[in-house]
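Trainee: Produce the entire structure from the sequences given, and follow the hints as far as they go.
At position 81 of the sequence shown (counting the first as 1) the number is 82 in the numbering used here, and the numbers step up by one without a gap.
Keep in mind that the hints were calculated from the coordinates and are not lab data.
The beta carbon of each residue, even a glycine, is placed where N, CA and C say it ideally should be.
Treat each hint with caution, since some may be false.
What the hints assert, rightly or not - Using 27 Å as the maximum straight-line C-alpha spacing, the simulated BS3-like pairs for lysine-lysine come out as follows: (1) K34 x K48; (2) K83 x K105; (3) K53 x K18; (4) K83 x K18; (5) K34 x K51; (6) K18 x K102; (7) K18 x K42; (8) K18 x K106; (9) K83 x K53.
Stated by the list, open to error - Have a look at the derived ranges for each label pair, beta carbon to beta carbon: (10) V24 x D77: 21 to 27 Å; (11) N92 x D14: 35 to 41 Å; (12) K106 x E45: 39 to 45 Å; (13) N38 x H60: 15 to 21 Å; (14) F10 x D103: 30 to 36 Å; (15) N92 x I41: 47 to 53 Å.
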Amino acid sequence: MLNLMKFEFAALDITGKNYLSWVLDAEIHLDAKGFGNTIIKENEASKQDKAKAMIFLLHHLDEGSQLKLCGENIIDEDLLEKIFSTFHASNVLLQQQYREKDFKKYFELISCLLVAE
2 MLNLMKFEFA ALDITGKNYL SWVLDAEIHL DAKGFGNTII KENEASKQDK
52 AKAMIFLLHH LDEGSQLKLC GENIIDEDLL EKIFSTFHAS NVLLQQQYRE
102 KDFKKYFELI SCLLVAE
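Mentor: Printed below as a string of structure tokens:
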């Protein structure tokens, strides 16, 4: 599903490859919003501030990471099938070609689709 919300910074990739820059961006933006203390251990932030910080961080996670965080047990096959099922009916041939490549990992398919884009 396409998320049309404007991000203040790039979402954390499901592979985690942009983790270091994501953490730095998250800390800076939380500080700017007045929620910097919510991510410090044993802080005295209110529950409301902690919830606002959590919502902000969740909006900056890849959708697959959000599902994993919510406790849903998802596997790469489920993610791959979801992508394949979203191809438009006029692109059935393209869908079949991607299926024939026999991707085993979600991020491999996404990388291939991004290169093709």
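Trainee: Each hint should be assessed against the structure and marked as holding or not.
Mentor: Here is how each hint holds up against the structure:
no., hint, result
1, K34 x K48, "holds (16 Å)"
2, K83 x K105, "holds (14 Å)"
3, K53 x K18, "holds (26 Å)"
4, K83 x K18, "holds (22 Å)"
5, K34 x K51, "holds (12 Å)"
6, K18 x K102, "holds (24 Å)"
7, K18 x K42, "holds (25 Å)"
8, K18 x K106, "holds (15 Å)"
9, K83 x K53, "violated (30 Å)"
10, V24 x D77: 21 to 27 Å, "holds (25 Å)"
11, N92 x D14: 35 to 41 Å, "violated (25 Å)"
12, K106 x E45: 39 to 45 Å, "holds (42 Å)"
13, N38 x H60: 15 to 21 Å, "holds (20 Å)"
14, F10 x D103: 30 to 36 Å, "holds (34 Å)"
15, N92 x I41: 47 to 53 Å, "holds (48 Å)"
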